[in-house]
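Q: These are the residues of each chain, in order.
There are 2 protein chains.
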Amino acid sequence: MIHEVAELTVTPQDMRAFEQAVKEAAPHFQAADGCHGMRLEKVIEQPGQYRLIVAWDSVEAHMMTFRESAGFEAWRSLAGPFFAAPPKVYHLALAVAGF
Amino acid sequence: MIHEVAELTVTPQDMRAFEQAVKEAAPHFQAADGCHGMRLEKVIEQPGQYRLIVAWDSVEAHMMTFRESAGFEAWRSLAGPFFAAPPKVYHLALAVAGF
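Protein chains in written order, with the working numbering: chain A, 204 to 302; chain B, 204 to 302.
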């Protein structure tokens, strides 16, 4: 399993509406093939900066299967209008489990 | 609870030794007041780019209590020699739990 991280920027006055849109989009991730969880975190030091964190079976499950699905279109319809900058997306693989 | 994210950069040939150093440093986080977990993730798209993710009671537990402790000195002694760029640190608070 890997994690998608999407760095998302919204204008600070849109934060409440954006968070509501992400809440409404959650079922589209939950229904996606190979998706194991999602959450939205906000950057404490920078209002309007967020990290969407989504657990996927693989990079392909996100970048190919999901990106070509109706779920992705639904996500973008809900959240996309709030993006004040292009999302920056990368993927994380566990290196050290720590504790 | 909040999460510290430290964006860490090492030269690709140091990746294995760096991961070993982080493994050795884990007990210093585990022993820290207000620390609830840590893990190291690597950025799949960029070899040598890592995210250290640490769960803390609060930003203060990280930035004040831990940063002034012997545990922080131990962490930096182990991992610091591998840093190829200054770490970039920020903190995340949950905005939408998702699923």
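Since the hints were derived computationally from the structure, they do not count as laboratory data.
Every value quoted in this text rests on a predicted model; they were computed, and no experiment measured them.
Glycine is no exception: its CB is placed at the ideal position from the N, C-alpha and C atoms.
Don't take each hint at face value.
[To be verified] Under the rule of at most 16 Å between Cα atoms (straight-line distance), these lysine to aspartate or glutamate pairs were calculated in the EDC-like manner: (1) LYS291/A <-> GLU227/A; (2) LYS291/B <-> GLU244/B; (3) LYS226/B <-> GLU248/B; (4) LYS291/A <-> ASP260/B; (5) LYS226/A <-> GLU248/A; (6) LYS291/A <-> GLU222/B; (7) LYS291/B <-> GLU210/B; (8) LYS291/B <-> GLU248/A; (9) LYS291/B <-> GLU227/A; (10) LYS291/A <-> GLU244/A.
[Said to hold, decoys possible] Some chain A residues judged to face chain B by a derived CB distance under 7 Å, without partners named: (11) HIS239; (12) MET266; (13) MET267.
Q: Just pull the numbers of the violated hints for me, sorted ascending.
A: 1, 3, 4, 5, 6, 9, 11, 12, 13
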